[in-house]
Amino acid sequence: MPEERLKFFSPVDRLAYAAFFLIFIGAFLFVRPFGEFPLIDDWVHSLTIHSYLADGDFFYSPLLASFLHVPILYGIGLGKLFGFSFFLLRLSNLILGFFTVIIFYRFLRHLKNPPPASFLLSLLLWFNPIFFSLSHTFMSDVPALFFLVTALFFYHRGFKENNNWFIFFASSLTVFGFYTRQFVGLLLFIAAGYWLWQNRHGWRPAIWLFGLPIAILFGVYGGLSYFNLLPLSIGAVILPSALSVWQHYLLNFWGHGLFISLFLLPVSFSVMVNNRQWLKDKVLILLLLISLAITAILHFNHHTFLDLGSIINWWGLGPSFGFLQGQINAWGGRNVYLIINFILGAALPFNIFLAAKTFKTIEKNQVTAWIFLVFGELYFLFILPLSSFDRYLLLLLPSLLIFAGFILQHCRWSKTVFTIFLIPFLFYSLIGTYNYLAWNQARWTAADRLVKEKNIAAHRIDAGVEWDGWALGASEKNQFYSGRSPEWTPWYIQTIFRGQPMDYIVAFSEIPGYNVIDRQKVNGLMSNIDYLYVNQKP
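Residue numbering for the sequence shown follows numbering that gives the first Met the number 0, beginning at 0 and increasing consecutively.
FYI, nobody ran anything at the bench for these hints, they're computed from the structure.
Bear in mind that the values here come from a model prediction, so they are computed numbers and not experimental data.
Check the hints yourself; a few may be wrong.
Derived CB-CB ranges, DEER-like [as the list claims (entries may be wrong)]:
(1) P485 / V244: 32 to 38 Å
(2) I284 / I495: 45 to 51 Å
(3) Q326 / N300: 23 to 29 Å
(4) A18 / K111: 19 to 25 Å
(5) P485 / A295: 34 to 40 Å
(6) A355 / N300: 28 to 34 Å
(7) I351 / G34: 38 to 44 Å
Here are the simulated SDA-like pairs of lysine to any residue, each with C-alpha atoms no more than 25 Å apart in a straight line [claimed, not checked]:
(8) K520 / A329
(9) K520 / Q326
(10) K79 / F226
(11) K453 / K414
(12) K414 / I351
(13) K359 / L286
(14) K414 / L278
(15) K159 / F358
(16) K451 / Y513
(17) K356 / L285
(18) K359 / Q197
(19) K451 / G325
(20) K159 / T357
(21) K279 / F358
(22) K356 / Q276
(23) K520 / Y530
(24) K279 / T415
(25) K451 / E509
(26) K279 / Q326
(27) K536 / I455
(28) K111 / P10
(29) K414 / R105
(30) K453 / K359
(31) K451 / Y532
(32) K453 / G325
(33) K111 / Y16
(34) K79 / L52
(35) K279 / K356
The C-beta atom is built at its ideal place from N, Cα and C for all residues, glycine as well.
Please put together the full structure from these sequences, using the hints given.
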């Protein structure tokens, strides 16, 4: 085995892999992601899998705005082998998430990061609340991240080692990534542009390294279009109607910046404590004052980093308020989030200052790193005009943490401080995901009891987005309700399930005008949700 290869399988690396495996087992046993129920939007493409397994009918839901063909296909494969199971689909994401972390650690080691930094940065990826939470669903975000990280790793090795097979393999992975989440395909064109820009190997190898995968990508697109298996529309809202273009761009830019600062908090503070002299820099002080002033102004105008919160929100981890009717208190209290908001407002200018210093120090022989930096920059520009959610930033995480690796290579930093700031990420991700699954299990149990014990038709029950979609779609193939709904009903009733009779509502609280006939205990940990309530229309 070559010396270069041996270095990445040193005893300390083998110890890291063993630690990752034990952490995976420990997190699995703690969260216990069992249960036969969908989460967030994964009910939509799960319907396609369920339908095909049940009667051989492959239909592409009109609610699917992304290309989710790869998760659907391997979901069908798993269903053929083991039968349809939401737990099995979630488990597939958990396994892909685990291998994403392993490959990311290996990638960081190839980028000359020492084992401690690589290990801590990999944990920061793993216990990023968005990544950890989504890995316990069948949402396409985690498979897309797996394809992105793996393709980045093999592009890096292919360009660095002049190994065309690695480059071709990476290009092929981006095609799979495109049909999981379209933005991953952007990496293929960036890598092709980098090859041509290098101009060291000529254009002929590019025909099969990039041209063939691109041809396959568009060929598959043409075939799917012919068989009407493409999304019917793009689901992302380009501009919220209440905002002007500039308001939207500025608020989105600021909100994304605060979330990025949140993701990098352990890095920022671990560097800051060992480079306190930087805090005397006049430019940094000016940026800090401006940032805190903007944070305060936006706070008094009711704008915080949680404006983008879908997975990370006031009420815990994972979508809750607005996805199920009723009232719910903020998890931990609103003041905690407001304090975090100002901490992020202070961390943002320091991160900008740190990034400016680090850009100057990236070595020329690490120039292939610019592939993923360019991807990160372009991806950020693409999501900026969207009516965005925090989970859209997940594909930005590899670029951020790889750049963080460069920062730790060239700056003095404290492993102790990094670990201290990493602990809240572990706590929030583990407890938040546990509670999210707990109240979803309670929701499904309460609604199922109405169906099985009281013989209530499932479509008469509003138990939130996932229940309504699955209860109707599993029997009617998304031939949605028709009719009008009262103005007080939530967004999903108004936009997707108009005319839902709502004879019974499973909710976080009592619903005015309804009678509470049952309640279901939520077995959470330090949870803000004790019971779910079954409300009946008089």
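We went through each hint and held it up to the structure:
no.	hint	verdict
1	P485 / V244: 32 to 38 Å	33 Å, holds
2	I284 / I495: 45 to 51 Å	50 Å, holds
3	Q326 / N300: 23 to 29 Å	24 Å, holds
4	A18 / K111: 19 to 25 Å	21 Å, holds
5	P485 / A295: 34 to 40 Å	39 Å, holds
6	A355 / N300: 28 to 34 Å	29 Å, holds
7	I351 / G34: 38 to 44 Å	43 Å, holds
8	K520 / A329	19 Å, holds
9	K520 / Q326	16 Å, holds
10	K79 / F226	23 Å, holds
11	K453 / K414	57 Å, violated
12	K414 / I351	21 Å, holds
13	K359 / L286	20 Å, holds
14	K414 / L278	20 Å, holds
15	K159 / F358	20 Å, holds
16	K451 / Y513	21 Å, holds
17	K356 / L285	17 Å, holds
18	K359 / Q197	21 Å, holds
19	K451 / G325	24 Å, holds
20	K159 / T357	21 Å, holds
21	K279 / F358	21 Å, holds
22	K356 / Q276	14 Å, holds
23	K520 / Y530	5 Å, holds
24	K279 / T415	24 Å, holds
25	K451 / E509	22 Å, holds
26	K279 / Q326	47 Å, violated
27	K536 / I455	13 Å, holds
28	K111 / P10	17 Å, holds
29	K414 / R105	19 Å, holds
30	K453 / K359	68 Å, violated
31	K451 / Y532	17 Å, holds
32	K453 / G325	23 Å, holds
33	K111 / Y16	17 Å, holds
34	K79 / L52	7 Å, holds
35	K279 / K356	15 Å, holds
Of the hints listed earlier, those the structure fails to meet are numbers 11, 26 and 30, in rising order.
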